[in-house]
Amino acid sequence: MIEREIYQEHVKKTAPKSPMMRSLIAAFVVGGIICSIGEGVKDIVKLIAPDMAKQDVGSWVSMSMIFLGAFLTAIGVYDKIGHFAGAGSIVPITGFANSVVSPAMEYNREGVFFGVCAKMFVIAGPIIVFGVVSSVLVGIIGLFL
Amino acid sequence: MDYFLSYLKVFAVGGAVCVVGQVLINKTSMSSARILVTFLLLGVLLEITGAFKYMEEFAGAGVTVPIMGFGSNLAKGALEGAKEEGILGAIKGGLSAVSAGLSSVILFGFFFALIFKSKSKKV
Chain P
1 MIEREIYQEH VKKTAPKSPM MRSLIAAFVV GGIICSIGEG VKDIVKLIAP DMAKQDVGSW
61 VSMSMIFLGA FLTAIGVYDK IGHFAGAGSI VPITGFANSV VSPAMEYNRE GVFFGVCAKM
121 FVIAGPIIVF GVVSSVLVGI IGLFL
Chain H
1001 MDYFLSYLKV FAVGGAVCVV GQVLINKTSM SSARILVTFL LLGVLLEITG AFKYMEEFAG
1061 AGVTVPIMGF GSNLAKGALE GAKEEGILGA IKGGLSAVSA GLSSVILFGF FFALIFKSKS
1121 KKV
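As they're listed, the protein sequences go chains P and H. For the first sequence, the residue numbers in our numbering are 1 to 145. For the second sequence, the residue numbers in our numbering are 1001 to 1123.
Not one of these hints is a red herring.
Within a straight-line C-alpha distance of at most 27 Å, the following computed DSSO-like cross-link-like pairs (lysine-lysine) qualify:
#1 P:Lys46 - H:Lys1009
#2 P:Lys80 - H:Lys1027
#3 H:Lys1053 - H:Lys1009
#4 H:Lys1053 - H:Lys1083
#5 P:Lys54 - H:Lys1053
#6 P:Lys54 - H:Lys1083
#7 P:Lys80 - H:Lys1117
#8 H:Lys1009 - P:Lys54
#9 H:Lys1053 - H:Lys1092
#10 P:Lys46 - H:Lys1053
#11 H:Lys1092 - P:Lys54
Because the hints were derived from the structure by calculation, they are not lab data.
Next up, chain P with everything else stripped away, as it sits in the complex:
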């Protein structure tokens, strides 16, 4: 029989760290890395085209990050990252790309029309609707400013 104290010592050593803390650290590190990649893309775009308008640089960064997220989803890597990183892979725009590509691929077997094209908006739909509605409301408020 193991002594009580020895047992407790053993539990302390072998029990996994609190899952809460671990998920926060994973989200921080992965989210930070994805944002740093975005900053890197921005610096590269600025290097190639120094005269480009700030808004266009932003568009290129968005498109590049969306391509990255979509491609990593397509080859099955992004879901593995997501399993580890949680919100670290959801909150960046690569996660938005993932939320479109993943169901589109998943429902490919239901056909192109109602499978790929309809199901790709399962998660992105609310985002687009909330985005468009809020932007128009903001625009209308802007008319009176």
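For chain P, the structure is supplied; the task is to place chain H on it using the hints.
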């Protein structure tokens, strides 16, 4: 050294934004769609209060790569459109500001779904 410092800021702020999302997931078990909508609307709110501009100056991609940046662009486009073209601009400004991202996400989603076979088995 300048480069290192700016990337450190991007990393720290971007990571911190994702930690907020993770706390929401852990505490409320929100689905990813709700998380994304929450951060999108947060971005809209930060843009109309004017705070986003300063956050972007400080952390660059640390705030624009999270989906907040998408929301901020929507709001910024709508406000600029309202100022320049009146009611028509208020309606089309938001979407035209994010059209590059939105078009590319639909484009990649469509073609990647046709080219690649799904590996995940969860439904």
